[in-house]
Amino acid sequence: MLTKDEWLEALSARHGKARQERLVNSTVAICGLGGLGSNIAISLTRAGVGKLILIDFDKVDPSNLNRQQYKMCQLGMFKTEALSENLKEITPYVGIEYHTVKMDDDNIEELLKDADIVCEAFDKAENKAMLVNAVLEKFKEKIIISGSGMAGFGSANTISTKKVMKRLYLCGDTTSDVNDGIGLVASRVMVCAAHEAHMVIRLLTGEEK
Amino acid sequence: MVKINGNDHDLAGRSVAEVLAELGYETGRIAVEKDEEIIPKSAYGQTILKDGDTIEVVSFVGGG
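Protein sequence lines, in the order shown, are assigned to chains A and B. In terms of my numbering, the first sequence opens at residue 1 and continues consecutively. In terms of my numbering, the second sequence opens at residue 1001 and continues consecutively.
These are calculated hints, taken from the structure and not from any lab test. Treat the numbers as computed from the prediction; the structure is a model and nothing was measured. A couple of the hints might just be wrong.
[As the list claims (entries may be wrong)] Straight-line C-alpha distance at most 30 angstroms; calculated DSSO-like pairs for lysine-lysine:
#, chain 1, residue 1, chain 2, residue 2
1, B, K1034, B, K1003
2, B, K1041, A, K113
3, B, K1050, A, K138
4, A, K163, B, K1034
5, A, K163, B, K1050
6, A, K142, B, K1050
7, A, K162, A, K140
8, A, K51, B, K1034
9, A, K142, A, K163
10, B, K1050, A, K166
11, A, K102, A, K4
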């Protein structure tokens, strides 16, 4: 086992000391721990983001195993607990606060108040819209990064990150809807999740564009 | 003229709610920004667009 200093030194060797310091002093909220959220959480943990706020009400289900970062032995566990376990195996030094709740207009402010950046990683379009609206309305400074359009087996090259509002970045192809019956596959969902995680890392380390 | 997602529309004087309906947006799946400020959903009806306003409408699709 590495000490915390040894772990940070290893990360700094890859990311640079100044960037690592910013990452380790940051808090990121991940709303929804499915295909997007579980993969975002792994990238941010590996990058050494200091604290993650993980939010999901659901349990690990067989239909999740095709793309979400859970194991068969975790079926039936709350995603918050299963993912915390998996992230702590990557590094015990990631700070985790988790909430096994359904997000709504009444609890969003309290759940997200400590987050520097919020990741929207829900499944349903209506919930994505609800969260984005709520974050932009209730907080005057926070940035939210959302994933929209990653269903199907189309090219991964159509997934991109765009700054679409002053404090909203949108990752995805913006059109592929899972409700069109086109499926949802690990590789394409992970590309979108990686776009979200990468924008978080870029913003936290001072790359604004 | 009102700029909506980069295109000019002759819709000054109309409310955001009317414009969204006319352009076929489902209000439950979108976020709307006017001049870099989010418009709360509860204000779509009473927000009247004027010449020179810049509107961004972001639509979400399912999957995650």
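For each hint, the structure was consulted:
no.	hint	in the structure
1	B:K1034 x B:K1003	10 angstroms, holds
2	B:K1041 x A:K113	22 angstroms, holds
3	B:K1050 x A:K138	25 angstroms, holds
4	A:K163 x B:K1034	15 angstroms, holds
5	A:K163 x B:K1050	24 angstroms, holds
6	A:K142 x B:K1050	28 angstroms, holds
7	A:K162 x A:K140	20 angstroms, holds
8	A:K51 x B:K1034	33 angstroms, violated
9	A:K142 x A:K163	14 angstroms, holds
10	B:K1050 x A:K166	20 angstroms, holds
11	A:K102 x A:K4	33 angstroms, violated
Hint compliance for this structure: hints 8 and 11 are broken, all remaining hints hold.
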